[in-house]
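*Asks:* Below, each chain spelled out in residue letters.
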Amino acid sequence: MSNDHHHDADLLQDADMLTLVDQESDELIWIKDSINVHVHSTDTQASVSLQVALQLAIALVISITIADSEHGNEIAQELFQHFDSEQMNKQKILVKNSKDVNITTTDTDISVNIQALLQILISLVAKLDIA
Amino acid sequence: MKNVSNENSPKGISYKVVDVLVSNVLQRNGVNIEKAKNKLSDAEKQALKEMVEDLKSQVDEFVKQNTKE
Chain R
600 MSNDHHHDAD LLQDADMLTL VDQESDELIW IKDSINVHVH STDTQASVSL
650 QVALQLAIAL VISITIADSE HGNEIAQELF QHFDSEQMNK QKILVKNSKD
700 VNITTTDTDI SVNIQALLQI LISLVAKLDI A
Chain Z
4 MKNVSNENSP KGISYKVVDV LVSNVLQRNG VNIEKAKNKL SDAEKQALKE
54 MVEDLKSQVD EFVKQNTKE
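Chains as they are written, first to last, in the numbering used here: chain R, 600 to 730; chain Z, 4 to 72.
A couple of the hints might just be wrong.
[Stated by the list, open to error] Okay, derived cross-link-like pairs now, DSBU-like style, lysine-lysine, Cα gap no bigger than 30 angstroms in a straight line:
1) R:Lys-726 - Z:Lys-40
2) Z:Lys-59 - Z:Lys-48
3) Z:Lys-42 - Z:Lys-67
4) Z:Lys-67 - R:Lys-689
5) Z:Lys-67 - Z:Lys-38
6) R:Lys-689 - Z:Lys-48
In short, the hints are calculated from the structure, not lab data.
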């Protein structure tokens with residue numbers, strides 16, 4: 600990307616990469632002077648991987664079916680951008696002097712984003728008579 | 004908390020809205036859908052179909068895991 604002329608697609612892609620990093624959640628669970636505490640936390644790594652897999656699949660469908668790769672890249676980025684708003688999810692949980700506690704934390708933001716990406720993919724393949 | 008299936012609206016994002024958005028993006032970029040359809044061989048269609056189904060089940064599983072309890 601050190602070329603003289605920057606394509607719009609490159610710029611859009613940079614922006615998209617940044618938001619992906621932003622979507623990592625910040626979770627802190629502090630347990631002190633407690634016994635029998637169970638924590639069930641969303642696997643952020645898994646959800647980010649799934650999100651990337653969906654983005655790749657969308658890009659793949661577009662590049663196989665639609666025009667040249669450069670144009671296809673622009674289309675893919677345009678689709679992602681509609682849903683990739685900056686999503687921060689900060690949770691801080693403190694457990695103190697407690698017994699028998701169950702904690703379940705979820706990351707709703709990334710879950711919604713993943714579902715939106717799947718919908719884009721399903722919509723695309725339906726239009727192309729694939730599914 | 005109820006599970007959200009992908010055909011329904013997940014937290015306010017309706018499939019119709021996404022569908023219109025996809026149509027709009029394709030249209031604005033001058034994509035000819037009929038032409039694009041013909042670019043795919045049956046084998047490619049089958050492979051893509053399997054890929055989508057696989058991802059769909061992964062997403063369903065993920066959503067299920069994160070909405071129960």
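*Asks:* None of the hints should be skipped; say for each whether it holds.
*Replies:* How the hints compare with the structure:
1. R:Lys-726 - Z:Lys-40: Distance ~8 angstroms between Lys-726 (chain R) and Lys-40 (chain Z) Cα, so the pair holds.
2. Z:Lys-59 - Z:Lys-48: holds (16 angstroms)
3. Z:Lys-42 - Z:Lys-67: Not OK: Lys-42 (chain Z) and Lys-67 (chain Z) at ~36 angstroms, beyond 30 angstroms, violated.
4. Z:Lys-67 - R:Lys-689: Holds, at about 22 angstroms.
5. Z:Lys-67 - Z:Lys-38: Roughly 38 angstroms separates the two Cα atoms, so the pair is violated.
6. R:Lys-689 - Z:Lys-48: violated (41 angstroms)
Going down the numbered hints, you'll see the structure goes against 3, 5, 6, while the others check out.
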